[in-house]
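K.L.:
Here are the chains, one letter per residue:
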Amino acid sequence: MLLEGRDIAKGYDSGGEHVQVFSGVSFSVASGEAVALTGESGSGKSTLLHLCAGLDRPDRGQVRLDGVPLGALRDASRARLRRTRIGLVFQQFNLIPSLPVAANLSFQARLAGREDTAWTGTLAERLGLTPLLRRYPEQLSGGQQQRVAIGRALAGRPGLILADEPTGNLDEATGDTVMDLLLGLVAETGAGLLMVTHSRRLADRLDRRLRLSGGALCR
Amino acid sequence: MIRATLAALMSHWWRHPLQLVSLAVGLALATGLWTGVQAINGQARDSYDRAARLLGQNRFATIEAADGQRFGQARYVALRRAGWQVSPVLEGAMRVGDLRLRILGVDPVTAPPDAVPRTVTGGGSLLPFITPPGVAFAAPQTVSALDAASGLPALRVAEGLLPGVLVVDIGIAQRLLSAPGAVSRLIVAPEQPVGRAPLADVAPGLVQRAPQARADISRLTDSFHLNLTAFGLLSFAVGLFIVHAAVGLAFEQRRTLFRTLRAIGVPLVGLIALLGAEIVVLALGAGLAGVALGYGIAAALLPDVAATLRGLYGASVPGTLDLSAGWWLGGLAVAVLGAAAASAQSLWRVWRMPLLAPAQPRAWARASARSMVAQSALAAGLAMAALALALWGQGLVAGFALLAAMLLGAALALPAVLSALLWGAERTATGALAQWFWADTRQQLPGLSLALMALLLALAANIGVGTMVASFRQTFTGWLDQRLASELYVTAASEAQAARLRTWLAPRTDAVLPIWSVEGPLAGAPGAVFGVADHRTYRDNWPMLRIQPGAWDRVAQGRAALINEQLMRRAGLVPGDMLRLPGGHALPVAGVYSDYGNPRGEAMIGVDLLTALYPQVPRLRYAIRVDPAQVAALARALVEDFGLPPDNVTDQARIKAMSLGIFEQTFTVTAALNVLTMGVAGFAMLMSLLTLSTMRLPQLAPVWALGLTRARLAWLELGRALMLAALTMVLALPVGLLLAWVLLAVVNVAAFGWRLPMHLFPADWARLAALALLAGGLAAAWPALRLLRTAPADLLKVFAHER
Numbered sequence: 001m002l003l004e005g006r007d008i009a010k011g012y013d014s015g016g017e018h019v020q021v022f023s024g025v026s027f028s029v030a031s032g033e034a035v036a037l038t039g040e041s042g043s044g045k046s047t048l049l050h051l052c053a054g055l056d057r058p059d060r061g062q063v064r065l066d067g068v069p070l071g072a073l074r075d076a077s078r079a080r081l082r083r084t085r086i087g088l089v090f091q092q093f094n095l096i097p098s099l100p101v102a103a104n105l106s107f108q109a110r111l112a113g114r115e116d117t118a119w120t121g122t123l124a125e126r127l128g129l130t131p132l133l134r135r136y137p138e139q140l141s142g143g144q145q146q147r148v149a150i151g152r153a154l155a156g157r158p159g160l161i162l163a164d165e166p167t168g169n170l171d172e173a174t175g176d177t178v179m180d181l182l183l184g185l186v187a188e189t190g191a192g193l194l195m196v197t198h199s200r201r202l203a204d205r206l207d208r209r210l211r212l213s214g215g216a217l218c219r
Numbered sequence: 001m002i003r004a005t006l007a008a009l010m011s012h013w014w015r016h017p018l019q020l021v022s023l024a025v026g027l028a029l030a031t032g033l034w035t036g037v038q039a040i041n042g043q044a045r046d047s048y049d050r051a052a053r054l055l056g057q058n059r060f061a062t063i064e065a066a067d068g069q070r071f072g073q074a075r076y077v078a079l080r081r082a083g084w085q086v087s088p089v090l091e092g093a094m095r096v097g098d099l100r101l102r103i104l105g106v107d108p109v110t111a112p113p114d115a116v117p118r119t120v121t122g123g124g125s126l127l128p129f130i131t132p133p134g135v136a137f138a139a140p141q142t143v144s145a146l147d148a149a150s151g152l153p154a155l156r157v158a159e160g161l162l163p164g165v166l167v168v169d170i171g172i173a174q175r176l177l178s179a180p181g182a183v184s185r186l187i188v189a190p191e192q193p194v195g196r197a198p199l200a201d202v203a204p205g206l207v208q209r210a211p212q213a214r215a216d217i218s219r220l221t222d223s224f225h226l227n228l229t230a231f232g233l234l235s236f237a238v239g240l241f242i243v244h245a246a247v248g249l250a251f252e253q254r255r256t257l258f259r260t261l262r263a264i265g266v267p268l269v270g271l272i273a274l275l276g277a278e279i280v281v282l283a284l285g286a287g288l289a290g291v292a293l294g295y296g297i298a299a300a301l302l303p304d305v306a307a308t309l310r311g312l313y314g315a316s317v318p319g320t321l322d323l324s325a326g327w328w329l330g331g332l333a334v335a336v337l338g339a340a341a342a343s344a345q346s347l348w349r350v351w352r353m354p355l356l357a358p359a360q361p362r363a364w365a366r367a368s369a370r371s372m373v374a375q376s377a378l379a380a381g382l383a384m385a386a387l388a389l390a391l392w393g394q395g396l397v398a399g400f401a402l403l404a405a406m407l408l409g410a411a412l413a414l415p416a417v418l419s420a421l422l423w424g425a426e427r428t429a430t431g432a433l434a435q436w437f438w439a440d441t442r443q444q445l446p447g448l449s450l451a452l453m454a455l456l457l458a459l460a461a462n463i464g465v466g467t468m469v470a471s472f473r474q475t476f477t478g479w480l481d482q483r484l485a486s487e488l489y490v491t492a493a494s495e496a497q498a499a500r501l502r503t504w505l506a507p508r509t510d511a512v513l514p515i516w517s518v519e520g521p522l523a524g525a526p527g528a529v530f531g532v533a534d535h536r537t538y539r540d541n542w543p544m545l546r547i548q549p550g551a552w553d554r555v556a557q558g559r560a561a562l563i564n565e566q567l568m569r570r571a572g573l574v575p576g577d578m579l580r581l582p583g584g585h586a587l588p589v590a591g592v593y594s595d596y597g598n599p600r601g602e603a604m605i606g607v608d609l610l611t612a613l614y615p616q617v618p619r620l621r622y623a624i625r626v627d628p629a630q631v632a633a634l635a636r637a638l639v640e641d642f643g644l645p646p647d648n649v650t651d652q653a654r655i656k657a658m659s660l661g662i663f664e665q666t667f668t669v670t671a672a673l674n675v676l677t678m679g680v681a682g683f684a685m686l687m688s689l690l691t692l693s694t695m696r697l698p699q700l701a702p703v704w705a706l707g708l709t710r711a712r713l714a715w716l717e718l719g720r721a722l723m724l725a726a727l728t729m730v731l732a733l734p735v736g737l738l739l740a741w742v743l744l745a746v747v748n749v750a751a752f753g754w755r756l757p758m759h760l761f762p763a764d765w766a767r768l769a770a771l772a773l774l775a776g777g778l779a780a781a782w783p784a785l786r787l788l789r790t791a792p793a794d795l796l797k798v799f800a801h802e803r
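Quick mapping for you: the protein sequence lines, in order, are chains Y and L.
Note that my numbering has the first sequence beginning at 1, numbered continuously upward.
Note that my numbering has the second sequence beginning at 1, numbered continuously upward.
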C-alpha cells in the first residue's frame, strides 16, 4: 500500500483546553488511486493531510508511506521523504516568490536530485506555462500560479500527490481546467492522489471518497 | 471615535512588542549618543566661558605688551598716575606635586566691579586676601587636592572657580611665580576719565585690546569638539536608521488597518494626527530614556575628555557634569524631531494612500525596486558632491560636509550594489537550493538594507578612524624618536638655580641645550617662539618637512626662523615668506618642521635672538646631551648632589611615555564612540533580523514542506546574515579607507594643522571583519534559533485554512 493510516488521533490545545480534532482514523491510498478527502470546515481535513505529508506527527496511531512509519522517522528522514516521494499542492499555491516560474517548477525535483529537464519541459508545455517561464509568481494570475504549483509537485515524479483544496482559490472554470490537468497528469505518472476538497462535484471525479465528520472517518 | 481608533492603532504594538522595543531602543540610543556628546561639548564650552568670565576677559578691554610678554609694574603705576582706571593681573602656571596650577594674581582694590569673583571681594575676605601671608581661592576639588601642599597661602573654597585655578593677590602671585614686579596685563575699567594722556605716551610698547568674545582656549579646542560632534551626529544617524526601519515596518503592516479605519469613517486628517501623536508619545518616552543614557555616556566619557583637553590644550574642564534643564529639554526635542524625521516618509505614504488601495501589504521587493533606483540616483549625486568638495572645498566645515556626503552616498548605494552582487551569484548558482538562497537573500534585502547601511557606516567609521589613529600612532612614535633626541630634560626652580645648574652641568655633559620660549600671538592666533642653540642635535634630528639650504646657519645667526606645520598651514606661510614675531620683529621663514599633537603655531629662532628680543624670557628648562650609559647616574647626581627636586629631572623615555599617554587619551573618547556606534549597528541588525524573522514563515514554510529540515533552514538563515555582514565589510573597506584619507588629508589638516602619511593595517581589518561576522552571527543566531525551535504546527499555520 502506498499510503496507510492506522487508528490516527490528533488534537491541539487552545485557550487552555484540549480540542480533539479526530481519533481512530484509518484509511489507505493505493498507487494510481485518486482519493478525495471531504468534510465540513474544521473537521481536520488539512490536519490529516499534513500528517500524511510528515509535516506533523499524530498524537496516536501511525501513518505509513511505502510501509515506512513516518512517526518513527527523524526530522531529516521525513524531510528527505517529502523531497523524494511526495508532491504537495496547496490552496494558496505557496510558490517561492524570489524565483521565476522555471526555477519554481523544477525546484523540488532539483532539491531531490532527480531533475528531468525533458519531463519538466513537457509539464510546462502541458500546463501552458512555456510562455511564462521567465516571469515571477507575483506576475501571474491565480490559475497560472496553481498550474505552476501542480507542475512543481509532479516534476520529481513523486509516488504520492497530496493536494489541499487546489482549486479553492480559483473560479469554477479555471478550477475545472486545473483539475483536468492535475488528474490527467497524476494518472499519467501512476502516482497516488489524496485531495482535500469541499466540492462534491470535484470529489465525484475521483476514484473514492473519504469523509471526515464529528472527529471520525465515515466511508 | 478617537479612543477607538487609537486603541486599534496601538493594538499593533501589543501584538508586535519587538517592533516597539526596536523603535524605542533605536531612538533612545540615537538620542543618548547625541545628547551625550552635546553634554560633553556643553560642559567644556561652559568651562571656557567661565575661564573667560573669571577676569572679565569677555567684557573688559585689556592693556598688554605688544609682544604678549609680561611687563614691569612701573608702567601700571605710570598709567594710574596718568588717570587710567586700570587693574593689574599676573597670570602663570606652576606645578605642585602632580598638579598643574594656573595662578591668577589680581588686585581686588583697583579691579572693576565683577571683574574679580565676588567671593574674593565680598564680606570679610578682602583684608586677609591682600595682606600677607594672603589667601588663595580655589574650586572645592582643587582645595582638597592641595590640602597638604606647602608653600601656598591658606586655601579657601570658592564655588564657581574652575578646577586647577588659584586666585590670589597679585603680590602673592609674583612671589609664587618668581616674577617680582611683573604684570601680565591690565584690566581697563569701562568708565575712564576724559582728557587722560594717550596710552602710547604714558606706556610705549603697550597696546589696548578689545574684550574677547571667546576665550583663546575655545579657539584652540574648536576642532576637537567639532570631531566629537561629527561622531555624535554619525551615531545619531545610525540610530535613526533603526527608527526609520521600525516605523516603516509598523506602518507597512498596518496598511490594511489604515484602509479599514478610513473605510469605516475615520477622516484622513484624524488618522494622520493620531499617528503623529503616537509617534510623539513614543518619542517622548524613548527620548527620556535616551537623555538619561546620554547623561550616563557623558558622565562616563567626561573624565577622559577633561584629561585630553588638559593634556593637549592645557584647558581646565571639570570631570563632573553640571547640566541645565535646557539640555534635558533639548534632548527630548532632538528625540521628537528625530522620530518625526524618521517617520515623515511613512506618514506621507499614508497621506497619499488611496482609500481603495489594495489591502494586502505591498511586496517589499517590488516597492523597493523603485525606491532603490531613486536611492541610487541620490547616492550618485552625493558621490559627485563629495568629489566636488574634495577638489574645491576649503576648511573644516567643507571637510565634514565631504565626509557626510561620502558616507551617506556609500550607505545609500549599498542596497543596489548588494542586489547586483546577489543577482550575479544567483545567475551563477547551479543547485536549486543555492539558487533559492541567493534569490531569497535578494528578496530579503529591502527589509535588511537599513540595518546593513547602519553596519556599513559603523564599519567604515571604524576602518577610517582606526586607520587614522594607527597611522597617527606609527608616525607619532617615529617623530618622537627624532624630536626627543636629548637624553635628559631638567627644569630649574629659579633663574639663580638655573645659572648654577648650567655651570654644574657644563663639565659633566656633552651639551646643555636651552629650551626657552615665550608665548604670544603668531599670525593672529595663540602661539609660542622657542630659542634654539646651534647644535648638531637639531641639525641631525629635527623632523623637517621643508628646509632651505643653510637654514640652520641662518637661524643660529638670527637671520631666519623655522616654523611648525600648523603655522605654515594656518598662516599660509612657505619658506621665503616673512614671519612677524610677537612684538613686531620680522624674519624670513627658512624651513618647516612637523609638530604632531601640538594645537598651536610655533616658531624657532636662534637662542641669542630670543634673549635679545625677549629679555624676560624664563631660562629654566634644558635638554642635556650625555652618553646614554651615564643618564641614570647623572639624573641621580642632579637630585642628590645638585639638589634638584626629582620631579624636575625627566629622562627621554619618561617624556616619550607621557607624550604617548596624552596621545592615547586623545583617542580614548573616539574609540569609545566608535565602539558605541558599532553596538548601535549590531543592534540595528539584530532588530531587523528579529522583525523579519516573524514575517519569514510564509517564505520558509513552503521550502520546509518541500523537503528541507528546520535545522538546515536555520543554518541557511545564519549563513545569510554572515554572508551579508561579510559583503558589507568588504564594501565598507574602500569606504573606510577613503574616510581615513579624508580624515588625514582634509579634516586633520583643517582642524589641527598637520598632515600625516597614511599607513595601511590589514591585520586590523581582519579583526574588524571577524567582529562584523560576530555581530552578524550573533544578530542572526536568535532568529535562527527561533526558527529551529518553531513547532511544525506554527509552520503549518501558513498552509492550514482549517483544522
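Just so you know, these hints were derived from the structure itself, not from any lab.
Predicted model, so just to flag it, every value in this text is computed and none were measured.
Treat the hints with care, as some may be off.
Claimed, not checked - Computed footprint of chain L on chain Y; a stretch qualifies when at least three of its residues, placed anywhere within it, have a C-beta under 8 Å from a C-beta of chain L:
1. 51-63
2. 66-80
3. 92-98
For each residue, glycine too, the CB sits at the ideal point set by N, CA and C.
K.L.:
Taking the hints in turn, state whether each one holds.
P.N.:
Hint-by-hint comparison with the structure:
1. 51-63: Since three or more residues must qualify, the claim that chain L covers the segment 51-63 of chain Y holds, with 4 doing so at under 8 Å.
2. 66-80: holds (count 4)
3. 92-98: That given contact holds, which follows from 6 residues of the segment 92-98 of chain Y lying within Cβ reach (below 8 Å) of chain L.
Violation of the numbered hints given earlier is absent; every hint is satisfied by the structure.
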